[in-house]
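> Got chain A; can you put chain B on it based on the hints?
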Amino acid sequence: MESSELKRSKDSVNSCESARRSSFPDEVLERVLSLLKSHRDRSSVSLVCKDWYNAERWSRTHVFIGNCYSVSPEIVARRFPRIRSVTLKGKPRFSDFNLVPENWGADIHAWLVVFAAKYPFLEELRLKRMAISDESLEFLAVSFPNFKALSLLSCDGFSTNGLAAIATHCKNLTELDIQENGIDDIGGSWLSCFPESFTTLEVLNFANLTSDINFDMLEKLVGRCKSMRVLKLNRSVSLEQLQRLLVNAPQLAELGTGLFSQELTIREYEELESALSNCKNMHTLSGLWDATGMYLPALYLACTHLTFLNLSYAALQSVELAKLLAHCPQLKRLWVLDSVEDKGLEAVGLNCPLLEELRVFPADPFDNEIVHGVTEAGFVAVSFGCPRLHYVLYFCRQMTNAAVATIVQNCPDFTHFRLCIMNPGQPDYLTNEPMDEAFGAVVKTCTKLQRLSVSGLLTDLTFEYIGRYAKNLETLSVAFAGRSDWGMQCVLGGCPKLRKLEIRDCPFGNAALLSGLEKYESMRSLWMSACNVTMNGCRLLAREMPRLNVEARGGMPHHLSLLSEMLGTRQTENY
Amino acid sequence: MSTPLEHDYIGLAETSSMERSSEKLSSSSSSSIPSIEDKTSKTANDTCLNLKETELRLGLPGSQSPERKLSLFGQDLETNDKSNGFAGSPLKNLVSGAKRGFSDAIDGSNGKWVFAMNGKSDVELAKGAALASPRVGLDSKTNSQQAKTSVSVMKEVVGVPQSPKPVQDKNNLVPPVNDHAIAPASKAQVVGWPPIRSFRKNSMASNLAKNSDEGAGCLYVKVSMDGAPYLRKVDLKTYNNYMEFSSALEKMFSCFTIGQCNSSGLPARDGLSESRLMDLLHGSEYVLTYEDKDGDWMLVGDVPWEMFTDSCRRLRIMKGSEAIGLAPRAMEKCKNQN
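So the sequence lines, in the order shown, correspond to chains A and B.
Just so it is clear: in the first sequence, position 95 is 95 by our numbering, and no numbers are missing.
Remember, our numbering sits 575 above the position in the second sequence when you count from 1.
Pulled out of the complex, with its shape left as it was, chain B reads as follows:
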């Protein structure tokens, strides 16, 4: 009887502790499942379930199973008819030499497979279990709690629609239980959504850059503001520093932010540093952010003005509450780039 071999793709001790805890927990709710130590030592532990059968197979097609249905290409060629010329007997040792799959990548990594996509990995993992725990990592303490929660979550909260979790909401992973649409709190990008191939995405990204009218010494970028019904376009080249820029923006959008901005007339002082912009905005409900060449959303004011105009593709005046977590990402990005 063919036995699937379990291959722990994560492969390292760190995760087995997590699995151990999830194993134990689920054993309380279903028929007893042997703990992972038994598995790794590969001794058949004959409890209710035959251990070996729980193991995922790594064998080559056709090996070890006389009664294995030998069929190629799916349903089309399925047949049990031995007269079809197929060897009913095992096909041994067909090393096709296919490149090692996933395990290779894992061995070289820290053992935890995550997406390195805009820092969303943790969010995505947690989403899969619909958890309240803020971090899905290899910390066993957290994991056991998480695993516990997951079992009950599976049973009880099955009806919760998944909603994309904005990166900014890292600390708030409980999906709102809501019968109707969950419009995401902020429309941050979800990995791989909308489903468009990379080539097309990159083509359009370069189109966007082109469309920001870079010719003839001007640099028009779009400026949007949350809650405003239409956008504006500004020519970044007409400003020399953040001060001028923020003042212009404020004038442009003041009709939407009556009473919000600390707009008691900006003192037209020379030589003000970039930090002045942050000071101004700290007094208001809004945060000025921009999308850079890599497609990441950053806080305005961190980098020198020239660098900003070089890399800014467009701007968004965002509600302060939605910008939580943006700064840490910016820091991370700087770290990664250095």
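Pulled out of the complex, with its shape left as it was, chain A reads as follows:
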């Protein structure tokens, strides 16, 4: 906190105390503050004075912990006595790509034990990159009688048996959201564990499980849960079964289909089309595994009000996509595979003027012999047609500085710009120059940029640009880039709002690492792997910044992760 802020808060403490008798009653203040949802706003509020700090902590019902090692559950429970909903994030993001060893930590169980004691009325738990065992899931299921919502993303350590425990015991469950996780998919019988009397489910997402489920049980479950608004099926559910489900659940707002490929009679096809079009509230559509041109038209009528279309598991061709998009005028978010190629993206530009988010995933990321997928041309085409674009994730095999400059000129409002040129260290393929100017254009033009992922051949110049211009940048991902410590020093010295920095395979060493000492206190985390940092550098860092949690692995630290965010420490058995 800056010194002027500190002064102000001290002053207001005094005036608070003196004005106490004539100030708001606590109940009113709490009531007002309870309307605040943003955790950042709440944090600001808590700094005003002691009364406000207390009012805030008593009125807070949801706590967000971006780094589970930044604080202990006991401290959380002591400060916030009335929590109903917890969001916890654990491992560094690069664990998604197998860069973090197994058994690293981020285990939820200790938290659950504290919550069971302090928050017996806990209703919601949302976990990202945490380790959670079946025993923990069972403990969760039996410890919280009011438990309503469980959401797991990128977690691991559990199996479908854990889900069975949840289904069996959570009588008030409204949400079971199992996203992409390292789950041990033993079988689909967990779904049959929902009791027959159970009717409260509103959100059911098991799209990323592979085992077959008992369709009969599913049909009954969906039939009696009249409030269900989100249903995301897995591949094992066929088109015919989908139709049967939809007939009983036309109120669905978000639908994830199962396998979208089956031999259907004409009548069956028409029934499917009719069932889909009856979902008047549908704004999100996903799944569509193995969808081919043959059955996509069944979706056309259902797409009129669609705002989010996730085709990232359907390898569509450009023509199929174009035809489908002609029916999606309201689309704001689109995820596709690069099988649609540049022509498909041209169709995006032509049909989706309201588009705000585009993600293009590679259908064949490890196949370097075949040149296909999307190029800079597709991205440029989208930028011309979709001026509101502010979030992009783009995997491609070639890019040019000029194209990126054009793109950001057309779409200056980018908040998230994640460009992945899949061949590490690849230059502008036309000029053979580094891609520095591309990212320079991004940071100069997109003043609202919060998140940036860079790729391609990059010198320190890219990082000079980032440090100089990216004043709102919070998250930066760097791989196979840079020339010297100077690059990283520019970023650490220049981006005032930087919270998360993840770096792999770059020639940044101890000088760069140590240049960020002051910075790390205000960041959530720093990750460096396969760089030039040494164990000594880490020791020096730890010495200079005793409040940081510094982890270094390998003789020459192969991994350095600073789980900062103050007071981050890893627990050991010795305690």
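No lab work stands behind these hints: they were computed from the structure.
Even glycine gets a Cβ: it sits at the ideal position worked out from N, Cα and C.
Check before you lean on any hint, since a few could be wrong.
As the list claims (entries may be wrong) - Derived DSSO-like pairs (lysine-lysine); straight-line CA-CA distance at most 30 Å: (1) A:118 to A:128; (2) A:444 to A:471; (3) A:519 to A:37; (4) A:118 to A:148; (5) B:776 to B:808; (6) B:776 to A:332; (7) A:444 to A:519; (8) B:894 to B:868; (9) B:808 to A:343; (10) A:343 to B:776; (11) A:128 to B:808; (12) A:148 to A:128; (13) A:323 to B:894; (14) A:343 to B:797; (15) A:343 to A:332; (16) B:776 to B:826; (17) A:332 to A:128; (18) A:220 to A:148.
Claimed, not checked - Some chain A residues near chain B, calculated using beta-carbon distances under 8 Å: (19) 94; (20) 96; (21) 98; (22) 99; (23) 120; (24) 208; (25) 361; (26) 395; (27) 412; (28) 422; (29) 440; (30) 479.
What follows is chain B alone, placed relative to chain A:
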């Protein structure tokens, strides 16, 4: 004053010798740093640096430090204001019982933490130090040399862009000093790159398998050849053995390998063993490899034909020079599977 505790995650004597040597070496270039023996015995050795301060902390949040800035959730809640209700005094013994982190895993291992990912671990470790030494291990002799090199490398070669090292190039770890792009010598997979989540990777992998048209008794797989402008697809089921297969391939790709293959008409002998294929290819510049169900690239001809057709997902005719090291990996894989 809070003192970070050093916890050597590697934790075992083997590595401390390595650290010892790196410590000594770097002490020549920076202010003197006490050797590790002092650290482990935890006696404050008051040289230029206060020893205890070099130790990484393992304490619980809030303990031992009255003036510690007690803030939660990062910058948002930072405050030094004691009136905020926070105990300025240490919060003692808050055992949250969080599961033991990394050290546990290390104690159970051989003390050296590496990636077991397609044998890349050594390469990755070495890459971090941009070294010429072929092996990053616990061998103290190598390590001292490596550590020495690393210090100078840090100083001198900072400008070298890192390039992904193909597995095959285990013996050649010196990064080429090159101002422009280092297109990897061969496009082997780099760990965790491109950055795609496992679920998606596995979904697509199973799609690839499906797309190789397994239905109706045919088994089409793609065949690529380095340097050829397009690929071919072959139905593995139409061949009965490696001989027929290699002969067909040769015909298909002969236009690209004029003069390379020893294609003076394959003798159509019956009952030739799989090794014949290897013999043929030994005479040529090319090596036939395939990607199996696990995603690993293997040399064609090692396993019986039926096993090959069962597990082959696609083929690549690779330049011989790039296939160095492929065979050892295949051997390793067999070992691991047995």
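> Broken hints, numbered, in rising order?
11, 13, 16, 23, 27, 29
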